[in-house]
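Chains A and B supply the protein sequences, listed in that same order.
Our numbering puts the first residue of the first sequence at 46, with every later residue one more than the last.
Our numbering puts the first residue of the second sequence at 14, with every later residue one more than the last.
The set of hints was computed from the structure by calculation and includes no laboratory data.
You may find that some hints are simply not true.
[What the hints assert, rightly or not] Computed Cβ-Cβ distance ranges for the label pairs, DEER-style:
| hint | chain 1 | residue 1 | chain 2 | residue 2 | range |
| --- | --- | --- | --- | --- | --- |
| 1 | B | 25 | A | 101 | 47 to 57 Å |
| 2 | A | 138 | B | 140 | 29 to 39 Å |
| 3 | A | 92 | B | 517 | 36 to 46 Å |
| 4 | B | 432 | A | 141 | 48 to 58 Å |
| 5 | B | 414 | A | 141 | 23 to 33 Å |
[Said to hold, decoys possible] Think about it this way: if two alpha-carbon atoms lie no more than 30 Å apart in a straight line, the pair counts; the simulated DSS-like pairs of lysine-lysine are:
| hint | chain 1 | residue 1 | chain 2 | residue 2 |
| --- | --- | --- | --- | --- |
| 6 | B | 78 | B | 89 |
| 7 | A | 280 | B | 32 |
| 8 | B | 143 | B | 82 |
| 9 | B | 253 | B | 143 |
| 10 | B | 147 | A | 99 |
| 11 | B | 212 | A | 288 |
| 12 | B | 376 | B | 253 |
| 13 | B | 147 | A | 88 |
| 14 | B | 143 | A | 288 |
| 15 | A | 280 | A | 99 |
| 16 | B | 32 | A | 112 |
| 17 | A | 99 | B | 89 |
| 18 | B | 147 | A | 280 |
| 19 | B | 23 | B | 57 |
| 20 | A | 288 | B | 32 |
| 21 | A | 280 | B | 376 |
| 22 | A | 88 | B | 328 |
| 23 | B | 147 | B | 82 |
In this text the structure is predicted, and so the values were computed from the model without any measurement.
We put the CB at the ideal spot given by N, CA and C, even for glycine.
Chain by chain, the residues:
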Amino acid sequence: MSTLIAVLLSLATLFMLGGLIRKARQYRATPAPLKIPVTPAPKTTGGVVVRMAKEVILFASLFRSSKWTWIFGWIFHVSLALAFVRHLRYIIDPDGMFGFMMPVIGSWLVQTGGKYAVFGMVFGLAGLLARRFLVARVRYISAPSDYLMLILILAIAISGFVMSFISHVDIVGVKMFMLGILSFDLQALPEGTALVVHLLLVAVLGFVLPISKLLHIPGVFYAPTRNQVDNPREKRHIADWAKPLDETRGNYPELQPAPEAAEETKA
Amino acid sequence: MADYEVPEVKEYAVVPMPKDDVMKHLNPFVAKPEFQEALNYVGKKEQPDPKEMPKYVLVDGWHDKAIDKMGDLLGKYRSLQVFMDSCVKCGACTDKCHYFLGTQDAKNMPVARQDLLRSVYRRYFTFAGKYFPKLVGAKDLTEEVVDDWYSYFHQCSECRRCAVFCPYGIDTAEVTMAAREIMAHIGKGQKYSNEIIGKVFTIGNNLGLPEKALANVLEGLEEDVEYDIEVPVKFPLDQKGADILLVTPSADFFAEPHIDGLIGYAKVFHATNTSWTLSSVASEAANFGLFIGSYENMQRISMRIREAALQLGVKRIVYGECGHAWRVGYSFLNTLAGPFDFLDQNYPIPQHICEFTLDKLEKGELNIDKSRNDEMTLTFHDSCNVARASGMGNKPGGQFEIPRAVIKAVCNNFVDMEQDTIHDATFCCGGGGGLLTDDLMELRVKGILPRATALKNVVEEGGVTHMAAICAICKSQFTKVLPYYGFTMDQIVSVHQLVSNAIILEGQVDPED
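Taking the hints into account, I'd like the entire structure generated from these sequences.
Given below as structure tokens:
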């Protein structure tokens, strides 16, 4: 079992990172030929950084659109972020190159806050799931995968909750197991059904992430509607594929001088 | 008579329950093959019985051509690629579209509209959609799907209201433009937009008003204005060496209340001794290439403005009141037809007429008597393309402040509509994005509902009598459709019509009442 989980986790991590990097590179490589920021938009790069930070950290636009979705969504994401950082202690060797992060990861906010963050996750996910069933408009646009995604993360959160609050696992052993994977020196996974379920579901999440709507994670950074500077009159913006059109754009028949005018020019 | 019901205006905007296929039947006429070909698209005509009307159908091999075109666009537009992937179906946009609010049709919810294209994207371009189509809602591209595309991507006015509220900045306008571009490449171009673009190429403007007719109209206008106020206000055409080239929507040459706006521009130029000219080459500010999502056609139309500016040797370009024209002018003109290094760099290129007029008002160069607009109480409709896709002045949000500042400088009575219906949350007039055509009348009548609701409230509570706009499409749509809701045509005014009313020119003699 230890080997199976180790292999699955490793593959899932590689698949997730590879997939995310591939997608981010695809987004980066695809040009935005026209200036399309949704206005009013910042006129400076600094302004765009602020705009993006408000979107990514505070979900500013969602706050404007739907308070309930914002409450559930924001609480879920913040809790998830806290829980995620808390989990870093399992893969960071205090004496290794990321050891400097330990004071932050070991802090009260991350460790205790991250422990109780599971309630925030469950609250947020349950709310989002309830919306999918209860709001007719949201029900209409939901595909099976939209429900399953929430249920998957909910199950990960609940199995984590079980380990933190009900049936404790040997976390030192878990850390040995994770560091073992990272150093190609496989250690036995401690006992515990919740732990096995938790890790298997996390592996599934890793595989699903880069081939699903969870691509909103890189996507949010690449939306030209939000990340462009509003300076089209001041600065000419042109995509590589559009450059050759500049050469031929004067050749349209209706843009040629009328015959008489051409005669005049000759004379 | 119409076989649909005009929605009832309630006290507050109500979010309806989504209903299936309410508007599935409604789609615009398809462009004939010859109009398609003029724009470098394709078309196919079928007419088995010569006594019956011909049908314009999908071209041979349409399925693969559509998928190829989608792939092409995904590689050319980051917006499309990112927006296809990042939607999480949170539902934030579902109650934001005026067409959903007015029609109840579930597929007029922005995310559902996007999903018409996204489901096909998933099926052909993603792992999950190829192997688990049911799970992720991926769909094969069939003729029925194209029919849905044709209906519902012509029930989006590309107004970007949904994009304001989307946590990922997904702009349905970008998706609609891509879908229309794909359809144009398989024989399903829209007659209204594509014929108009053809007219711009052959004649020079959307209305198909040839140079001589335009000259006559302008001459007539000069006579009318001189008859009215005894001041020889000029409307110059093709005047070489003028300082300013004014590009304005061709509706300004004949439609009401557009033409009163044109008179306003001319009076401002006259009062400030500004040398200006219109052009018969660039006799159209509108650019329907935007509506059909075609970079090439948009560029080809934009090039006429560059050409006119070069031929006439002007120093500046100023745009008249037109919403999407201003989007193309402000956001894209430099990209499509720039660089404009031959123009005077001390002024914005291009400049909006409201920017021009406000500057003159602030400098005190105009003699204004605000009381001449006293019989009116104004409100202002922010046009979607001005509000959410362009700017004015040098501060973000200038597009809201500057037109209002112009109105307030020439009118004493001004009241804004409710906050969630103005500025960047403004509702589309219901006729933008290539939908201002009689074959989509039902959509236009229903889609105006949110704006009609906000207007009714401000009429009842704020005593508003007139609504000003700075967009030719808004003005045309409102004058035609607001009467369905009990308003009158003349309640819609151009912003520069208000300027025209209030301005007093040197030597002006007012007609006796």
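Evaluation of the provided hints:
no., hint, in the structure
1, B/25 / A/101: 47 to 57 Å, "33 Å, violated"
2, A/138 / B/140: 29 to 39 Å, "35 Å, holds"
3, A/92 / B/517: 36 to 46 Å, "42 Å, holds"
4, B/432 / A/141: 48 to 58 Å, "54 Å, holds"
5, B/414 / A/141: 23 to 33 Å, "56 Å, violated"
6, B/78 / B/89, "16 Å, holds"
7, A/280 / B/32, "46 Å, violated"
8, B/143 / B/82, "18 Å, holds"
9, B/253 / B/143, "60 Å, violated"
10, B/147 / A/99, "35 Å, violated"
11, B/212 / A/288, "27 Å, holds"
12, B/376 / B/253, "28 Å, holds"
13, B/147 / A/88, "44 Å, violated"
14, B/143 / A/288, "35 Å, violated"
15, A/280 / A/99, "26 Å, holds"
16, B/32 / A/112, "24 Å, holds"
17, A/99 / B/89, "28 Å, holds"
18, B/147 / A/280, "46 Å, violated"
19, B/23 / B/57, "45 Å, violated"
20, A/288 / B/32, "46 Å, violated"
21, A/280 / B/376, "28 Å, holds"
22, A/88 / B/328, "25 Å, holds"
23, B/147 / B/82, "24 Å, holds"
Checked against the numbered hints given earlier, this structure breaks hints 1, 5, 7, 9, 10, 13, 14, 18, 19 and 20; the rest are met.
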